[in-house]
Amino acid sequence: DAGVIQSPRHEVTEMGQEVTLRCKPISGHNSLFWYRQTMMRGLELLIYFNNNVPIDDSGMPEDRFSAKMPNASFSTLKIQPSEPRDSAVYFCASSYRREMNTEAFFGQGTRLTVV
Amino acid sequence: AQSVAQPEDQVNVAEGNPLTVKCTYSVSGNPYLFWYVQYPNRGLQFLLKYITGDNLVKGSYGFEAEFNKSQTSFHLKKPSALVSDSALYFCAVRDGNDYKLSFGAGTTVTVRA
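For the protein sequence lines, the chains are A and B, in the order given.
Going by my numbering, the first residue of the first sequence is number 5, and it counts up by one from there.
Going by my numbering, the first residue of the second sequence is number 4, and it counts up by one from there.
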């Protein structure tokens, strides 16, 4: 398997624009996580899906952020409108939730810069 | 609630010397503990995990970690560090049946030749 695939790897956008980040989890995995990494706050869990259903979105910072998982092989994280403080590296991770002892596998991340 | 602390922002060692990266955790149930490594401009890579059983867990690239329940610690170790081990290391914990994986702030390891 190619692992968790994220696109784009880098995104530079102007403040106020809509940004969509994409993730393809590992085939067969039924749990998907979106994380944000910044120097100031480290790794933050934004949202968690299980079997394509959002279970916990309490980490989503504002209503400007939304995430969807229309099927088991695709998820998006959208920011509308984007702001400079959204600049960060966004990671998608997936795991197979049979038991809680399974590790999560991370994608390469999307580095978002909002100017 | 669950949390992880990595008390050292940075660890510097000479190549060939032992490497230890510290981690302590707090959970209300049974802990599931993980170590990940992140190289520059890369995603997190899984190194090893503790679920149950032997307190000493062996993982990838010669790393191992020791689970200590009384001290609520899960320190990462490598007997002989390599320059290529220089990276950012994260400890993570999952509390019992909670799906949420909580990460520490990370420790930057620098191994000098």
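Hint data in this document are derived by calculation from the structure and do not stem from the laboratory.
Small disclaimer: the values here were computed from a predicted structure and weren't measured.
Just to be clear, a hint being listed does not mean it is correct.
Stated by the list, open to error - If you want the ones that stay clear, here's a sample from chain A, every Cβ over 12 Å from chain B, calculated:
id, residue
1, GLN10
2, ASP60
3, LYS82
4, ALA97
5, ASN105
6, GLU107
As the list claims (entries may be wrong) - What follows is a list of derived Cβ distance ranges for each label pair:
id, chain 1, residue 1, chain 2, residue 2, range
7, A, THR117, B, SER29, 43 to 53 Å
8, B, SER6, A, THR42, 36 to 46 Å
9, A, ASN34, B, PRO21, 22 to 32 Å
10, B, THR113, A, VAL57, 34 to 44 Å
11, B, ARG115, A, ASN55, 40 to 50 Å
12, A, GLU48, B, SER87, 44 to 54 Å
Unchecked claim - Below 30 Å or equal to it, Euclidean Cα-Cα: the simulated BS3-like pairs (lysine-lysine) are:
id, chain 1, residue 1, chain 2, residue 2
13, B, LYS52, B, LYS80
14, B, LYS72, B, LYS61
15, B, LYS103, A, LYS82
16, A, LYS72, A, LYS28
17, A, LYS28, B, LYS80
18, A, LYS72, B, LYS103
19, B, LYS61, B, LYS103
20, B, LYS25, B, LYS103
21, B, LYS61, B, LYS80
22, B, LYS25, A, LYS28
23, B, LYS52, B, LYS72
24, B, LYS52, B, LYS103
All residues carry an ideal CB built from backbone N, CA and C; glycine is no exception.
Handout entry: Hint numbers contradicted by this structure
Key = Violated hints: 1, 2, 4, 5, 6, 7, 8, 9, 12, 17, 22; rest satisfied.
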